[in-house]
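Enquirer: For reference, the chains in residue letters:
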Amino acid sequence: MPQRDGRVDAPAIRAPWRSIVAAAGLVAVLVVAARGRAGDEPAEKSLGANKAAPAANALDPLLRQAWKDAGLKPATVAGDAEFLRRAYLDILGRIPTVAEAREFLNAKAADKRARLVDLLLEHVDYPKNFATEWTNLLIGRGRQERNVDRAALTAWLRKQFSADRPWNEVVYDLVTASGSNKENGAVNYTLAHLETEAVPLTSRTTRLFLGQQLQCVQCHDHPQNDWKQADFWGINAFFRGLKTEEKRMAGADGLEKVDHVELTDVPTEAFARFDRRNGMMGVAFPKFIDGRKVDKPGKAVRRVELAKLITDPEGDMLPRAMVNRTWAHFMGKGFVNPVDDIGPHNTPVLPEVFDKLTEEFREGGCDVKQLIRWITSSAAYQASSVRPGKAKAEDDQFSVMMLRPMSPEQLFDSLLTATAAHRTGGGRNDDKREGWMRQFLFTFGNDEGDEATSFQGTIPQSLMMMNGELMRDALSGKPGSFLSDAVEQAGRQHRSPAGFMVDQLYMAALSRHPSNAESTPAVAYLESSPDAMSFLQDLFWALLNSNEFILIH
Amino acid sequence: MTPSIITPRGMHRRHFLGHLAATTLGIPAAQFFANLRANAAVARKNQRSCIVLWMSGGPSHLDIWDLKPDSEKNGGPFKPIATSAPGVSISEHMPKTAKQMHHLNVLRSLDSKEGNHERGTYLMHTGYVPNPTVVHPGWGSTAAFEIGSRMEDFDLPHCVSINTPGQGAGFLGMSYTPFMVQNPNAPIANLAPPADVDDLRLDRRLQLLGRVETNFIKQRGAAPAVDHQAVYRKTIKMMNSKYKDIFKLDSESPEVREAYGKHSFGSGCLLARRLVEQGVTYVEVAMGGWDTHADNFDALSTRLLPELDQGMAALTADLASRGLLDTTMIVWMGEFGRTPRINQNAGRDHWPRSWSVVMGGGGMKSGQVVGSTDKDGVDVSDRPIGVMDMIATMTKTMGIGIDTQYTTPRGRPMKVVDGGKPIAELVG
Numbered sequence: 001m002p003q004r005d006g007r008v009d010a011p012a013i014r015a016p017w018r019s020i021v022a023a024a025g026l027v028a029v030l031v032v033a034a035r036g037r038a039g040d041e042p043a044e045k046s047l048g049a050n051k052a053a054p055a056a057n058a059l060d061p062l063l064r065q066a067w068k069d070a071g072l073k074p075a076t077v078a079g080d081a082e083f084l085r086r087a088y089l090d091i092l093g094r095i096p097t098v099a100e101a102r103e104f105l106n107a108k109a110a111d112k113r114a115r116l117v118d119l120l121l122e123h124v125d126y127p128k129n130f131a132t133e134w135t136n137l138l139i140g141r142g143r144q145e146r147n148v149d150r151a152a153l154t155a156w157l158r159k160q161f162s163a164d165r166p167w168n169e170v171v172y173d174l175v176t177a178s179g180s181n182k183e184n185g186a187v188n189y190t191l192a193h194l195e196t197e198a199v200p201l202t203s204r205t206t207r208l209f210l211g212q213q214l215q216c217v218q219c220h221d222h223p224q225n226d227w228k229q230a231d232f233w234g235i236n237a238f239f240r241g242l243k244t245e246e247k248r249m250a251g252a253d254g255l256e257k258v259d260h261v262e263l264t265d266v267p268t269e270a271f272a273r274f275d276r277r278n279g280m281m282g283v284a285f286p287k288f289i290d291g292r293k294v295d296k297p298g299k300a301v302r303r304v305e306l307a308k309l310i311t312d313p314e315g316d317m318l319p320r321a322m323v324n325r326t327w328a329h330f331m332g333k334g335f336v337n338p339v340d341d342i343g344p345h346n347t348p349v350l351p352e353v354f355d356k357l358t359e360e361f362r363e364g365g366c367d368v369k370q371l372i373r374w375i376t377s378s379a380a381y382q383a384s385s386v387r388p389g390k391a392k393a394e395d396d397q398f399s400v401m402m403l404r405p406m407s408p409e410q411l412f413d414s415l416l417t418a419t420a421a422h423r424t425g426g427g428r429n430d431d432k433r434e435g436w437m438r439q440f441l442f443t444f445g446n447d448e449g450d451e452a453t454s455f456q457g458t459i460p461q462s463l464m465m466m467n468g469e470l471m472r473d474a475l476s477g478k479p480g481s482f483l484s485d486a487v488e489q490a491g492r493q494h495r496s497p498a499g500f501m502v503d504q505l506y507m508a509a510l511s512r513h514p515s516n517a518e519s520t521p522a523v524a525y526l527e528s529s530p531d532a533m534s535f536l537q538d539l540f541w542a543l544l545n546s547n548e549f550i551l552i553h
Numbered sequence: 001m002t003p004s005i006i007t008p009r010g011m012h013r014r015h016f017l018g019h020l021a022a023t024t025l026g027i028p029a030a031q032f033f034a035n036l037r038a039n040a041a042v043a044r045k046n047q048r049s050c051i052v053l054w055m056s057g058g059p060s061h062l063d064i065w066d067l068k069p070d071s072e073k074n075g076g077p078f079k080p081i082a083t084s085a086p087g088v089s090i091s092e093h094m095p096k097t098a099k100q101m102h103h104l105n106v107l108r109s110l111d112s113k114e115g116n117h118e119r120g121t122y123l124m125h126t127g128y129v130p131n132p133t134v135v136h137p138g139w140g141s142t143a144a145f146e147i148g149s150r151m152e153d154f155d156l157p158h159c160v161s162i163n164t165p166g167q168g169a170g171f172l173g174m175s176y177t178p179f180m181v182q183n184p185n186a187p188i189a190n191l192a193p194p195a196d197v198d199d200l201r202l203d204r205r206l207q208l209l210g211r212v213e214t215n216f217i218k219q220r221g222a223a224p225a226v227d228h229q230a231v232y233r234k235t236i237k238m239m240n241s242k243y244k245d246i247f248k249l250d251s252e253s254p255e256v257r258e259a260y261g262k263h264s265f266g267s268g269c270l271l272a273r274r275l276v277e278q279g280v281t282y283v284e285v286a287m288g289g290w291d292t293h294a295d296n297f298d299a300l301s302t303r304l305l306p307e308l309d310q311g312m313a314a315l316t317a318d319l320a321s322r323g324l325l326d327t328t329m330i331v332w333m334g335e336f337g338r339t340p341r342i343n344q345n346a347g348r349d350h351w352p353r354s355w356s357v358v359m360g361g362g363g364m365k366s367g368q369v370v371g372s373t374d375k376d377g378v379d380v381s382d383r384p385i386g387v388m389d390m391i392a393t394m395t396k397t398m399g400i401g402i403d404t405q406y407t408t409p410r411g412r413p414m415k416v417v418d419g420g421k422p423i424a425e426l427v428g
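Going down the list, the sequences are from chains A and B. Under full-length UniProt numbering, the first residue of the first sequence carries the number 1, and numbering increases by one thereafter. Under full-length UniProt numbering, the first residue of the second sequence carries the number 1, and numbering increases by one thereafter.
The shape of chain A in the complex, shown without the other chains (with noise of 0.2 angstroms):
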């Protein structure tokens, strides 16, 4: 039996703890206070601190008086640790390291939520983290065309999150981009979407930017709403008249290769020809899908015309699309799902909501992060993912957080992050970074980076999570790893250094202190056996591989 006072002889103690740093090839000296571990854990205590309200939200009353109606008991307020791990996860692109996470939960103020959202949108992690969703949303995962600049597309989106630009004008720059694609990287989004006549492009204008799929009615009317197969190709005329070119440069071994690609728009008087199911030929001039056309479409830069009327300040498709797909990044689904399949056909959730968030946000001139603000301070992104009885996950109008796997980026940035499997073997290793990088996304992410079904949770994805280079790296406990640092730091505690090392363990894989039923009998064992870096190891492994880490929740 586990001793009740956790008081234990001191060689107990010090035997496995020089195992340890032999393992771990460190030569600190070990000081070990033979002072008991009990009382010396504030896992409870900061956690049930602070669950104060959240600070007021406009939407509140709306989705307050929702739940009501439908007769729903909302979850409770998520705790600091939960929220915290989910703001770091949908804002940054990763979970918060220990540092960071041990500074919120320490934090007194009544505010420091909103407080933290404030200091992650202004974390440089913050415009990265969209850049790479809006690169998967534009061009997709998969391998890209020779002439697309994918790493030029990610700054130019790293820039505009990062300079706050409104999300209209930075949707009026994608559409209408031209020039070079390596000096312009929004001209890549086009670029990538050319072949067979713009169709890709079309579809993926009217669904990115607008909410709308008219991709079906590209063949045939549509058999739910009222898209016909014109207003597909009324769209598609837009992008007639665009000319690329390659352009050549000597590289440094003297050999000529393509160096770049010009987009440039082309007065045009064509127009879209496409096969009707009835076998005749249908033609189409430039008509925007709510019927407004281009009087002159041979005089006029096509791709301007349709930028300003998707980006039109009296429409409302535009904010639309924006507010739910933000919605659904944050909260796992949209009011209206797919997202990108908003009208009349399809019934959103919490209309009132997704109408007064639109509204607020076309208002307020496009802000993304005050966007974020909003939803993040909203009563639905607070509420805990643990369900209140035994309610059904399909009609709880977003009254507790949804599960939600981790896109491929996030689980890699959040396993560096816990690890840092990258700095072992001493400094930064980008190369390695790169590699493991590669063979993530390929067992992970798959090529349609249209939807959020990323992690599928296939066998070669498990195994790579469970035996995989990275992980095997994570948890050698080399120089330069968290694992060998941990152990460093807990040499140097006073008081129980193995209470230390589960604390840390469980703060850098979960971010949150491990309750006493998940110290108690760790600390103990790491006490009292000689295996004790082999027990981290494993304890590190475990807590890596759970739904708890690998679930944003």
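No incorrect hints appear here.
Every beta carbon over 12 angstroms from chain B, so not counted as near; a handful from chain A, in silico: (1) T97; (2) A110; (3) E122; (4) S178; (5) G241; (6) D253; (7) K257; (8) H329; (9) R362; (10) D485; (11) E488.
A few chain B residues facing chain A, derived, Cβ under 8 angstroms: (12) N190; (13) A192; (14) M238.
DSSO-like, lysine-lysine: derived pairs with alpha carbons at most 27 angstroms apart: (15) B:K96 to B:K262; (16) B:K248 to B:K96; (17) A:K293 to A:K243; (18) B:K99 to B:K365; (19) A:K73 to B:K218; (20) B:K113 to A:K228; (21) B:K375 to B:K79; (22) B:K218 to A:K333; (23) B:K262 to B:K242.
If you're looking for bench data, these hints aren't it; they were derived computationally from the structure. Heads up, the beta-carbon is just placed ideally off N, CA and C, and yes, glycines get one too.
Given chain A, work out where chain B should sit, using these hints.
Expert: Using the frame of chain A, we list chain B on its own:
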């Protein structure tokens, strides 16, 4: 009870690890070793399998299975040759497969509307056209769900895709997603734990994991968490399986390796034979490069067809000689055929209006041609076959109820075979 080496000193194992009986992951790894009872003979009893040879890109049916030597503009340079099936002729560049045609059937009158790679791929794998409101399971996942999951103590994946990821499991959930073998000539990545993790440590890891999982799932109990756990359970089973060497082709004789060919398609065919031999329900072997908009005839005669011919013929002959062809269906298909018209780049473009699929084995009748196209290969002239008819034929051949119906998570009824009829000439 596993040895006490991993039990903390002075503490009862049960206190440390919690009530493992209550965890869903609580089967210690060591116990798996004791549980390896299934053998090939048991596994294969009444067991049917399917091997799909997936030709990604849309192969030219007109230059392989349905030659048009009498068509002036559309015929192309290839000559038809006679095969082991009386009255069935195929391309001169498929001589080895020609000798196996008495085991197979050519369906020359497929008819679909999907001329886009992505949509065609979805259609051929599911029987359905893509629909934004529901993701249909690949038929292989359905077969694995219906047949594979009835097998107890079988620790290989029931649905395997070689060379490409294959079609997902849609609403059947991630545990029926195909197990992907990226390269049949290389070992399965990460199958073994690191050298310093022996069975006992793996056991300890799993028990620690079980502990974290139990708390989390008890509180939240939502589908993604449970699915994730199920996949881990399967993964561990496979890591410890005596079948794990099944993926290593070097135990085959040089003659066999040579017969199949060591390219990824040939090796994939050999691996497929090894897998169905052990009782795996569905194996797809993909071969790419068929999108021949330019230089169609060069690509086919010098590269694509010799490789296909070697792998496909060796697989058919091998299955037959091992007595496996009666229970193993072979289906050769791509997302559509190619245009009768030869374009200005000596290529052929996409053509879903009239094209061919080949199938045989699994107890089907064989050596036949079903359906035909007209003299120039433009339209189906006899016995049009829809993709659902093909799916119906496959479903019936596998012994899966033709009226099998599921309810999707959104509550929508979904049939495995929707409106299609099994091809009477094959399974009547």
